[in-house]
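Q: One line per chain: the protein sequences are A and B, in this order. So that you can map any letter, position 118 of the first sequence is 118 in the numbering used here, and since no number is skipped, the others follow by simple counting. Residues are numbered in the numbering used here as their position in the second sequence, beginning at 1, plus a constant of 268.
Careful, some of the hints might be misleading.
[Unchecked claim] Lysine to aspartate or glutamate pairs mimicking DMTMM-like chemistry, simulated, CA-CA at most 20 Å apart:
1. A:Lys144 - A:Glu31
2. B:Lys373 - A:Asp214
3. B:Lys373 - B:Glu358
4. B:Lys373 - B:Glu421
5. A:Lys74 - B:Glu535
6. A:Lys215 - A:Glu77
7. B:Lys273 - B:Glu478
8. A:Lys215 - B:Asp341
9. B:Lys459 - A:Glu180
10. B:Lys524 - B:Glu535
11. B:Lys318 - B:Asp341
12. A:Lys74 - A:Asp214
Derived by calculation from the structure, the hints in this document are not laboratory data.
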Amino acid sequence: MSCWQTIQDYALRSVGIGERLLPREGYTLCEHFTLIGSGLIWNVYFGTLALLAGFFLATAVAVGKSSRNRLIRKSSEWFIFIFRGSPLFIQFFFAYFLFLSLKGVHPWFDPFTSAWLGALIVLFLNTAAYSGEIFYGALRAIPKGDIEAADAYGFTGLARFRRIVWPTMLRLAWPAYTNEAIFLFHATTLVFFSAFPAWGQRGDALYYAKFFADKTFNPFVPYPILAGYFILLTLVIIGLFGLVNRRLNRHLPQEARRGLKLRVNLIR
Amino acid sequence: MTTGKHMSLYLSVFVVLALLGITAPAALAFGFGGAVAARSRIAPVSWLGKAYIAIVRGVPDIAFFLFFVIALDQFFEWIRHQVKCPGWEEAIRRGNDFIVCPPAKLPLSTSPQWVHETYGFFLAVLTFAIVFGAFSANVLFGAMRAVPRAQLETAEAYGMSRRQTFWRILVPQMWVYALPGLSNLWMVLIKATPLLFLLGVEDIVYWARELGGTANPRFTSYPHGDWRMWYFLALLVFYLGFTRISEIFLEKLMVKLSHGQATSGGEAQRRAGA
Numbered sequence: 001m002s003c004w005q006t007i008q009d010y011a012l013r014s015v016g017i018g019e020r021l022l023p024r025e026g027y028t029l030c031e032h033f034t035l036i037g038s039g040l041i042w043n044v045y046f047g048t049l050a051l052l053a054g055f056f057l058a059t060a061v062a063v064g065k066s067s068r069n070r071l072i073r074k075s076s077e078w079f080i081f082i083f084r085g086s087p088l089f090i091q092f093f094f095a096y097f098l099f100l101s102l103k104g105v106h107p108w109f110d111p112f113t114s115a116w117l118g119a120l121i122v123l124f125l126n127t128a129a130y131s132g133e134i135f136y137g138a139l140r141a142i143p144k145g146d147i148e149a150a151d152a153y154g155f156t157g158l159a160r161f162r163r164i165v166w167p168t169m170l171r172l173a174w175p176a177y178t179n180e181a182i183f184l185f186h187a188t189t190l191v192f193f194s195a196f197p198a199w200g201q202r203g204d205a206l207y208y209a210k211f212f213a214d215k216t217f218n219p220f221v222p223y224p225i226l227a228g229y230f231i232l233l234t235l236v237i238i239g240l241f242g243l244v245n246r247r248l249n250r251h252l253p254q255e256a257r258r259g260l261k262l263r264v265n266l267i268r
Numbered sequence: 269m270t271t272g273k274h275m276s277l278y279l280s281v282f283v284v285l286a287l288l289g290i291t292a293p294a295a296l297a298f299g300f301g302g303a304v305a306a307r308s309r310i311a312p313v314s315w316l317g318k319a320y321i322a323i324v325r326g327v328p329d330i331a332f333f334l335f336f337v338i339a340l341d342q343f344f345e346w347i348r349h350q351v352k353c354p355g356w357e358e359a360i361r362r363g364n365d366f367i368v369c370p371p372a373k374l375p376l377s378t379s380p381q382w383v384h385e386t387y388g389f390f391l392a393v394l395t396f397a398i399v400f401g402a403f404s405a406n407v408l409f410g411a412m413r414a415v416p417r418a419q420l421e422t423a424e425a426y427g428m429s430r431r432q433t434f435w436r437i438l439v440p441q442m443w444v445y446a447l448p449g450l451s452n453l454w455m456v457l458i459k460a461t462p463l464l465f466l467l468g469v470e471d472i473v474y475w476a477r478e479l480g481g482t483a484n485p486r487f488t489s490y491p492h493g494d495w496r497m498w499y500f501l502a503l504l505v506f507y508l509g510f511t512r513i514s515e516i517f518l519e520k521l522m523v524k525l526s527h528g529q530a531t532s533g534g535e536a537q538r539r540a541g542a
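Chain B on its own, in the form it takes in the complex (with noise of 0.2 Å):
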């Protein structure tokens, strides 16, 4: 249970709240610049941000993780490439290669593993981020209409313009009424993490597999036969620990939030406090 490769286990546990921790945010701003968009007086701004939430849902996010990854990293190499490659002649899209040049490559091939992996790393968690940033985006663009159309009118009344209105009077209150579809979307994107595997990044599921295998029936280099259901029961009792924990947390938020506001959830608590 201490072997390198357990510790490699134990670690993979810390990649997977990495990506958590650095996906949220960065989710929730696409989102914010997602709904931003669609409610923009712009038509075309407003039909691209419409369409960033809406394509979302008619497709399995699956297929956008693998498309994503790909597309990301020949997108950052031809960018690169002509950059940095302006007399290159070849065409980059020979036959079944994509080949830039050498200096345009990402990473560059002379640099160590771990640039790789954090590159690896670096693409999967933008590819999440662009994924749940439509989510976060179709979230927020719900709860800005949720807010009472009577506290735009007031703010307006009060001689303050769109802008200030936005960010002084909508954003502040349109939280209450996002957390409910954001806390559903945080258990989402928890259940989503084991997709890392499928991206190429060495998280729990990879190590998991790995360890519990038996590389070869007759010889193996781990004292035991077939545990890989035990380690994938152990992976399940951590995620439902997770989101369960998660729900509590949440839920004390959404008190917390509520306090004060014009929902029933306000009113409720007032009452019970009178």
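With the rest of the complex left out, here is chain A (with noise of 0.2 Å):
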């Protein structure tokens, strides 16, 4: 079988479109290539989607942890509390078998306990918690010349924060947040290996290497294939990361415009 037809019966296996076999004999390297390499769909959609939904909510967060209101900002703090204080790992189990008792209770739950939408959730409510946080601390580091000059230009309310607070809060958060998608990203390969089942082999990257790695017994082809996926997928985050940082920071002067330094910083 050619690499070509491999490619065709298996670059969306992962999404069910194709072979429905997995290959059983051989396990040559374009095979290889190409199941992990679709398993990266999963990976993309979990992260890209988490992390778009999870932006709004980190905000509202992270203004609700800064609120005056006693009610609003002790909800906001337990909330980050929880996500960030218990594995993500313990999350999606407890959240897969809330989904599962629930279906019990209602049939309306069922899509929630599939991985498409159960693990997204958890993730989606995994990366507000933790960008909460990094906005949060990113809301009081903002100069206070700032406010006091949208003060003075008359702006109140939604406008100030709109047009002042908000990008400026961006503006100093973007290092740490790229960080926190990286690691959201990374933190995808955990879906199919907690309580959400992967029906019709239908995986993601970790899946599929693991997969190969439990036939061949050679941990050597797969793993390396899928961090080197990985590597390229942290790549063009970081990319797509440091255009926004540009255009977020496109006021300053050139000498003070620093690019978004790499800073391998490697905690969450």
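Hey, can you piece these two chains together into the complex? The hints should help.
A: Following this line, the structure appears as structure tokens:
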């Protein structure tokens, strides 16, 4: 079987298009690359949607945490604490079994037990909590002069937030937020290793890498391929976030405009 | 709540604590080695150290966990194979099999169950130490560079050799710069412990799934329905408490370490005391 044929059969295997049976023997390099790459579709799907949706909730949570209203502040703090204080892995398990119990109550909860929705919700809440904390830190770091200038110009309420506070917050938070985005994409590999089942062997990149490693009992081929894919993905994320960073800092004088400094900050 | 299997669940909490207790110093040692290597003046050694630090950033840590557990096992068996059976003719990697001679097997197929379990746990600890060693190497590398140049220059002015400067000036001072990163790392390590489950160790996640579930919906050895949700809620609360306690403890430690240091934290303490 030629490599082109393999790509036609398996390139969209992870979303259920193409050959139904996974390869059974031989396991050529081409099959490795195609299937693991096919699984990457899920990682990109989970990462992108969770990041986009999480961004808005994160802003809300950050504003909530710095709110003067006790109820709003406390609930935001607890939200951040619960999702940052417990392992994502356990959150996946808990959410899955929660949805499973709810499914017994009402069939409306059916889609929540499958990964595409259930895991997405967990990832969305998780990243919202982590980025919420980052944004909250940035909110507190906004220079006093900026706010005073806004007041002097007569900005109030929503206009002040949208025109002055929010852009500055994003500008300050952006390097840390880039890091969070990278980690979110890495976290997507956990989905099919927690409770969420991969129906019909439609899994993410790591799922297929493990499939090959289990079958061939040779970890030295599939995992480096997976690593290569993820390094590429990380570079793409850094590139995209760098573009946004340039736009956020476009008003600064040329020298002060630091590029998105690639601080090898490994920790979420 | 006190059946034999529940006892295994409570015991597995100690497995997690043991993992943390062994891995943290081991990872710190790996990290120290990595940081020293990355600072080395010999180019290949420094490249090696930097590559060790950098590669972990681009790749999900769980992929490393899955990779190292098999890779280390095969590596150890391969070495033992070379040492114990030099006359062995057949290839080790035959198609989809990895076959070493029987005396080189790890653990030996004749050894009791507990040896197998301990070996699995040992592999898990080593894997954690390698991955988290890279994280802490990064933190320590940054911390070593954060120590003010003037301190090192003073040491040179006193005629200390490079080695003396490193051990007597740089290492004692770097901890206060490393602590924020290291405490963050400790939190990440705590939150990574449930991944033991993926490495084949029977930890809390394993037992929570076993005990909460109904083996068979109609006939089950546990007289209850699907309680896995509640077991995992308990785990969630356990981890929340654990991270919270660590946080409080680490804050106290930071206050203590900042004492008398040339940092803003130390300066604030001096002012408050004066």
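Q: Next step is simple, just say for each hint if it's right about the structure.
A: We went through each hint and held it up to the structure:
1. Of the pairs offered as hints, the one joining Lys144 of chain A and Glu31 of chain A is violated, with about 57 Å between alpha carbons and a cut-off of 20 Å exceeded.
2. Pair hint Lys373 of chain B plus Asp214 of chain A holds up; C-alpha atoms about 19 Å apart against a cutoff of 20 Å.
3. A hinted pair counts as satisfied when its Cα atoms are at most 20 Å apart, and Lys373 of chain B with Glu358 of chain B qualifies at roughly 15 Å.
4. As the CA atoms of Lys373 of chain B and Glu421 of chain B are separated by approximately 54 Å, the hinted pair breaks the 20 Å bound.
5. Under the criterion of a C-alpha separation no larger than 20 Å, the hint pairing Lys74 of chain A with Glu535 of chain B is inconsistent with the structure, at around 32 Å.
6. Only pairs whose Cα atoms come within 20 Å are accepted, and Lys215 of chain A paired with Glu77 of chain A is rejected, the gap being roughly 46 Å.
7. Between the alpha carbons of Lys273 of chain B and Glu478 of chain B the distance comes to roughly 9 Å, so the proposed pair stays at or under 20 Å and holds.
8. Distance restraint check for Lys215 of chain A and Asp341 of chain B: the Cα-Cα separation of roughly 16 Å lies within the 20 Å cut-off, and the hinted pair is therefore satisfied.
9. The hinted pair formed by Lys459 of chain B and Glu180 of chain A meets the criterion: a straight-line CA distance of about 16 Å does not exceed 20 Å.
10. Under the criterion of a C-alpha separation no larger than 20 Å, the hint pairing Lys524 of chain B with Glu535 of chain B is consistent with the structure, at around 13 Å.
11. Between the alpha carbons of Lys318 of chain B and Asp341 of chain B the distance comes to roughly 26 Å, so the proposed pair goes past 20 Å and is violated.
12. The suggested pairing of Lys74 of chain A with Asp214 of chain A is violated, with an alpha-carbon distance near 47 Å, which exceeds 20 Å.
In the structure shown, a violation is registered for the earlier hints numbered 1, 4, 5, 6, 11 and 12, in ascending order.
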